[in-house]
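Enquirer: Listed below, chain by chain, are the residues.
Protein chains: 4
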Amino acid sequence: MQTAKLSSKISESCGLFGLWGDAEAVRLTVLGLYALQHRGQESAGIVSTEGENIYEHKGLGLVSDVFDEIALSKLKGSCAIGHNRYSTTGSTSAENIQPLLVDYKWGKLALAHNGNLVNATSLRQNLEATGSIFQTTSDTEVIVHLLARAKDSSFLSGLKKALQKIRGAYSLILLNENLMIALKDPHGFRPLCFGRLSNSFVVASESCALDIIGAKYEREIKPGEMLIFSKKNKMRSYFWTKHLRQCACIFEFIYFARPDSRIFGESADGARRQFGRRLASEHPVFSADMVIAVPDSSNSIALGYAEKSGIPLELGLIRNHYIGRTFIHPSQDGRDFGVRIKYNPVQEILQGKKVVLVDDSIVRGSTSQKLIKMIRSAGALEIHMRIGSPPIRFPCFYGIDTPTRKELIASHHSVEQIRKHLGVDTLGYLSLKGLLEVAPLSPNEFCVACFSGDYPVKYEKNYNKFGMEK
Amino acid sequence: MQTAKLSSKISESCGLFGLWGDAEAVRLTVLGLYALQHRGQESAGIVSTEGENIYEHKGLGLVSDVFDEIALSKLKGSCAIGHNRYSTTGSTSAENIQPLLVDYKWGKLALAHNGNLVNATSLRQNLEATGSIFQTTSDTEVIVHLLARAKDSSFLSGLKKALQKIRGAYSLILLNENLMIALKDPHGFRPLCFGRLSNSFVVASESCALDIIGAKYEREIKPGEMLIFSKKNKMRSYFWTKHLRQCACIFEFIYFARPDSRIFGESADGARRQFGRRLASEHPVFSADMVIAVPDSSNSIALGYAEKSGIPLELGLIRNHYIGRTFIHPSQDGRDFGVRIKYNPVQEILQGKKVVLVDDSIVRGSTSQKLIKMIRSAGALEIHMRIGSPPIRFPCFYGIDTPTRKELIASHHSVEQIRKHLGVDTLGYLSLKGLLEVAPLSPNEFCVACFSGDYPVKYEKNYNKFGMEK
Amino acid sequence: MQTAKLSSKISESCGLFGLWGDAEAVRLTVLGLYALQHRGQESAGIVSTEGENIYEHKGLGLVSDVFDEIALSKLKGSCAIGHNRYSTTGSTSAENIQPLLVDYKWGKLALAHNGNLVNATSLRQNLEATGSIFQTTSDTEVIVHLLARAKDSSFLSGLKKALQKIRGAYSLILLNENLMIALKDPHGFRPLCFGRLSNSFVVASESCALDIIGAKYEREIKPGEMLIFSKKNKMRSYFWTKHLRQCACIFEFIYFARPDSRIFGESADGARRQFGRRLASEHPVFSADMVIAVPDSSNSIALGYAEKSGIPLELGLIRNHYIGRTFIHPSQDGRDFGVRIKYNPVQEILQGKKVVLVDDSIVRGSTSQKLIKMIRSAGALEIHMRIGSPPIRFPCFYGIDTPTRKELIASHHSVEQIRKHLGVDTLGYLSLKGLLEVAPLSPNEFCVACFSGDYPVKYEKNYNKFGMEK
Amino acid sequence: MQTAKLSSKISESCGLFGLWGDAEAVRLTVLGLYALQHRGQESAGIVSTEGENIYEHKGLGLVSDVFDEIALSKLKGSCAIGHNRYSTTGSTSAENIQPLLVDYKWGKLALAHNGNLVNATSLRQNLEATGSIFQTTSDTEVIVHLLARAKDSSFLSGLKKALQKIRGAYSLILLNENLMIALKDPHGFRPLCFGRLSNSFVVASESCALDIIGAKYEREIKPGEMLIFSKKNKMRSYFWTKHLRQCACIFEFIYFARPDSRIFGESADGARRQFGRRLASEHPVFSADMVIAVPDSSNSIALGYAEKSGIPLELGLIRNHYIGRTFIHPSQDGRDFGVRIKYNPVQEILQGKKVVLVDDSIVRGSTSQKLIKMIRSAGALEIHMRIGSPPIRFPCFYGIDTPTRKELIASHHSVEQIRKHLGVDTLGYLSLKGLLEVAPLSPNEFCVACFSGDYPVKYEKNYNKFGMEK
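If you read the sequences in order, they're chains G, D, R and Y. Counting in my numbering, the first sequence runs from 1 upward without gaps. Counting in my numbering, the second sequence runs from 1 upward without gaps. Counting in my numbering, the third sequence runs from 1 upward without gaps. Counting in my numbering, the fourth sequence runs from 1 upward without gaps.
Incorrect hints may appear among the rest.
Which copy? The list can't say, so a pair holds if one copy fits it or any two copies do.
Stated by the list, open to error - Okay, derived cross-link-like pairs now, DSSO-like style, lysine-lysine, Cα gap no bigger than 27 Å in a straight line:
| # | residue 1 | residue 2 |
| --- | --- | --- |
| 1 | Lys105 | Lys151 |
| 2 | Lys353 | Lys160 |
| 3 | Lys151 | Lys165 |
| 4 | Lys406 | Lys234 |
| 5 | Lys433 | Lys76 |
| 6 | Lys458 | Lys354 |
| 7 | Lys406 | Lys151 |
| 8 | Lys353 | Lys232 |
| 9 | Lys370 | Lys216 |
FYI, nobody ran anything at the bench for these hints, they're computed from the structure.
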């Protein structure tokens, strides 16, 4: 097979967007999804309402593939929620495209989810044992089943009861004909903020989706908080559970979020600059000619490193933004073009130079290894690799598509072993202590389980669904 | 109509790639076209041969849209040429997709062209008057007609005669069952280089297309030079016309080429760094907090400015790479989302700061104006705009899709008027003298007609085809 | 809006096909669906298994649109079930495409359904009230929910219990990794037959789907019978309920089935020939020049009429088979092209002639009216319309997409009134008595509710879902 | 490879339609192409004008695939010409889709062609030798080149001169901003008629395309006649060459035309009925139970046979109209499904019966052989095959895609040998004498070269284009 997939190092699950009360809600939701496209590129969907009916359009592909004028003409109403999905391996089926839309005892309900439940398997087994059927493989369907089973008289008390049964990470947006609800799990693992656009309300995974429509950022939604948007443009906040310790995913700051976004109330670029400066303090390089970033995700970290170290930043690696998610490559003679298609080292810059190569993280190490080989071929004399985060040793159970422990290079290799494997002269990771000291929230407000193995929410023993750790 | 096109400021016509003598020629040509995608995104095509037949596949869209395994299975042979096209307004028809493939007296011929002829209109009129029919609106068809009309006994002498009739810019690759020919016009307006991959030969508009397939860069093809590749992997060079003064398009260095490319034998990034440094000398800003680039085209220039001025570079504008070439936007209330969809200013960085904003050029000024307004809204106190090239006052007749003079803001406004129009505190353009002093070739080897109005090759008076100057 | 839909007069719901135990099961299932394409053209789907996993491919459109080699490469295994769907108005959404595939307590289950439940609304309300969620609007999902809710220790006893709760018409094929099950409701409203192909078993809505793959027809499945196909190519028959009076849909004989099919054990063409002969006896025309059919559905009936009456058959109406299900037509001036696009009267045949026009049935009368006008324009002197079935006065609740009573012309007009409305010289319907006397089963083995209003299975009062009778 | 093509026995080249002077010209042209879809299913195209510009839309596939509302919105004007193409093997490329649209000395010209030139190869060689380039493989391009080369002062005299150089079959419709021209070659090989719709003019290959838009049939265009339609809805007729003997393709009557069409001024159905009656006289069957047709092309002939012989017609073969032009079939075990997918014999009708099987013609004999095997398997006791035309012994050079002589079974086998090969009890072909005696024109007005080898227009010796006779 000669068509390959450009593997991002790590994949997150979703981008969420919701807009309550604007005549152009659907079009603005498309814009919001454009801005959140980096959080998921496998499928996109929008559900809207004008207060009486629910409209839906979903499809596989980028937002620009899924939505055209014909699709938009079907989506009516001044309220809409949208979703970008990064489906995990093997699940690119149409059934899993979000928002999920169902009929149940309280009418119709659409639900968009970012995160991962750690007790989904047992909940699903219990639900199936007592008569539920499942048509998708996503955790989102578990949540709706629990809501449908709630023996409560009202939707809101039923929702509360359903949420109390699930454990894990979930930023959710729900929509029916009367309400839009945005909420976070009690630990607030995944980002979700809200803002205003004239009289309407906007919620989004990252603030860059507010910026694109010209909305004013208000604040991050809090762990355990539920914002209820209702007719006549009313909003009320409500804590559906006691506030637990916030466990903001630190990888959102390291890698996922766009640098121009605020997440968890703080600037992603600002955090990365700090990581870069601290990295320069912890792992200086004394005789380097230049700092280069692995573009674009490491740009801010590299800039921080350059600033602190005084070593000039150079654009030594160029990224090709035009290739799609799959590409065609030659194969008969074993030549490997995967990394070369995405990045090109600039010989004129690198030739005969001592280079500090800054990356945000190392997962499997295979991409880094090829990149380093290319940089050597371009003539670099020395390569000093600097990583803006600690070694990733543990898989994530809260919504990030990390590989199993076995595949995480740092889970079973020392830094020196990794250095040799990558073929660099020196290798330095930002320490966990250093990361937390300069990160924009206080240390105990983060989830750092992928570095430390301290999981704030216990995961089920048999957590092996969807290719994860056994 | 609510679907809009993301207008690049200026558009070039094409990317060319050719490979002679590799078992995986077609697949490697796809890779080459990936690397040259920035030069044209409207259509792509490949023509190949195994020495007996000619195979063809073309289509509208990106390389990754046009080529899949089914398409590749039709393209046989160890020799292939490919083309990325940026079609000018209104001509997105299937007929114009290159390479152009025709039957004529010497059999079959495929032709890929980058550039523009200045006497195409009169040649076409003459050809039509004497019995030719035209099925496309491209200059390339004119060249083939002239070749077909040549009363010579051999293809090569006919080709030479045809070339002597055309004036303007043309880097060409031709392919038939026996030969691949790469050539430049006598002034060498547009780039074309060649390299080697084991025993095979590669030609490409930019060296980044050699890098992606691991080919070794040899050198730029010279003005008036013709490289003839023939069976048993032979190559010979031949000057089909006397060598005239080289007129390398300086805009290739300023804007078009990928920074990691060599063009006309020199590094694009290296040139831009020099432009940035010189710009800092000519137009310093004394109390600025930061330099920011309009990404990605101005990154190298901004880095040069930052280096020379000592003002730190910041990532104050983030570009969204995921949107396609058209997008959906709201429209009912006149809100303008065009620029906002592509760029987002980072408030955390810009708030309360004095900013040097570096861009490569200004064409109409409308995108800059919106960008500047967004940067102001993000809280910048002062904006000092610095442009890495002189004011564009004259249209290009050699293959670059500039607007008419009327639309070029600098053709009828002073720098001070433009400054006011854009709404910046100060505005500085790199001087033509400065540009030429630091540019990588000697001053008389460039075409700078867009700045100076000195056209090295006369254009026809009635040059109004395809929306250009009357 | 100027794109219109070619409305068939009456629409049935589905074609079913299943194959147990052939190395080429999936490809043969595609063939089977080709043969059953007349039973549903809105969507198609196949689910297969190799005994361990379940594979699925579904899509909107004709079988030839939905299945290509890429789709087939995903469908593994020697057992497969397929479905052609005629979706009712407004429900062309992807969610409703069958077979329905779910996860539930006994693993995975695929289900293909032909028919309609009369207590679906109340069952659905009860299921939702006690916690079920619905993702489609089809009755099939109700059946799966009931099965999932069954508090039985085994799948088969659960299935039996679920079936006992539903009322209406249902021919079903179910598939999981271990079993394929084909069954009919206790009255056997809809056809389903089985056959053999070497050692494998085949089930299909009509025998033409057995013919296309060269399978040997065995017999019709009986009302209340369940055929269970299990590993090592075993089959056993089982009556899951007491045998009730068979209520074979007589419209299958009149209109739906392909003439080359056996349904309910009898030849469709043979039945139609009898209807035609009887029609000629009941409603002779004494001085006609020719009999013409409304092609192709009335061909057999017209042939019977011609044979019995001695009046020669002519091909006076030609049907265009190439137009798709929607077509473009002019509209500005109210010209009506709908019927003309499908049928063309042959002036050379009709000019100056007295014509017996034979059709199988009249639903709304609007198509007939236009057709008759066209035949008059082609020069026919007299038109004597003869209908191969009694007046349709009552809607069907068992799976046929008839309009509401209000729209059925015969429910509120006398034969004479219809004659005037259509503009024919005489009009004769086959009597119900006549129909039943010559039909291939005994009179009490048919459902003739659409003619008589005697519904063998009571329907819910509020049966107004999907645009039916209130 | 397991996707196969449903080969029609013989393929014609095209359907032509033109409409001059109706506000809905483009939509009516789409209707006209629907009606002519049987003449070509590989591609479709329309060119229109409002008197100033020329608009074009073309694509591969059926008319209903190629034209949608978006396509129609691009096609402006009250004059339009359309074309359905049956491309010959291997030439399904986009370049060949008609109408061909070119720029040349007299501006723009669109041309739709039905037929084949017998001196195309030498004309093309001459044109290429003197400087023309060809971008398609169609004869149509030759015609336009000749016109472009004409050294005349006016378009019409140039056209006349160009036509005088070409030999063969050509019904043409041309369109520019000022004129629509419909013309026939001097022998009038291929049909083309005209009619009126209110004040506008319509031309079409068959009258069924006039019927579908409600136009009034006027008459067939004559050999060597040119109808010129100009502004203010004027029409004039002009003979551009002396009238030669008409050579109407007799196969249009036998097979191609829709039965409801008039071609060459006569009814196709009427002609076929006569062929059938004569066939019954020439080759009676004395003890047969029934006549069956190979549907739908032989229906009229079979009806004529039945009428004359007194043997009743039965619908013993059912054709599946829903499969597309390619289909998926099993292949591993060599089972052959090709014919079975298209036709199904009705066992209930054929079992134990003596059958007269009527077909219109035999080309290679392979489809007939399989069909006969299927009819035997369905239980027919005797099969008496009767063919409504003489043995085809010679290839057609005038636009019908017959195979080479080698593949024509009758060119090298006696009737008795064919009978054995097909496996029928008796075989009878209509005699050429009989055919011509009952055909609707006088014998010397037909081209019967495929039966007699008497070619009215000499073809070039090296006539091996498109896989034909060498």
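Enquirer: Take the hints in turn and mark each one as holding or not.
Expert: Hints, verified against the model:
no.: 1; hint: Lys105 <-> Lys151; result: both (11 Å within a copy, 21 Å between copies)
no.: 2; hint: Lys353 <-> Lys160; result: neither (60 Å within a copy, 46 Å between copies)
no.: 3; hint: Lys151 <-> Lys165; result: both (13 Å within a copy, 23 Å between copies)
no.: 4; hint: Lys406 <-> Lys234; result: neither (50 Å within a copy, 44 Å between copies)
no.: 5; hint: Lys433 <-> Lys76; result: neither (50 Å within a copy, 52 Å between copies)
no.: 6; hint: Lys458 <-> Lys354; result: neither (45 Å within a copy, 49 Å between copies)
no.: 7; hint: Lys406 <-> Lys151; result: neither (43 Å within a copy, 41 Å between copies)
no.: 8; hint: Lys353 <-> Lys232; result: neither (63 Å within a copy, 39 Å between copies)
no.: 9; hint: Lys370 <-> Lys216; result: between (43 Å within a copy, 18 Å between copies)
Taken one by one, the earlier hints fail for this structure at numbers 2, 4, 5, 6, 7 and 8, listed in ascending order.
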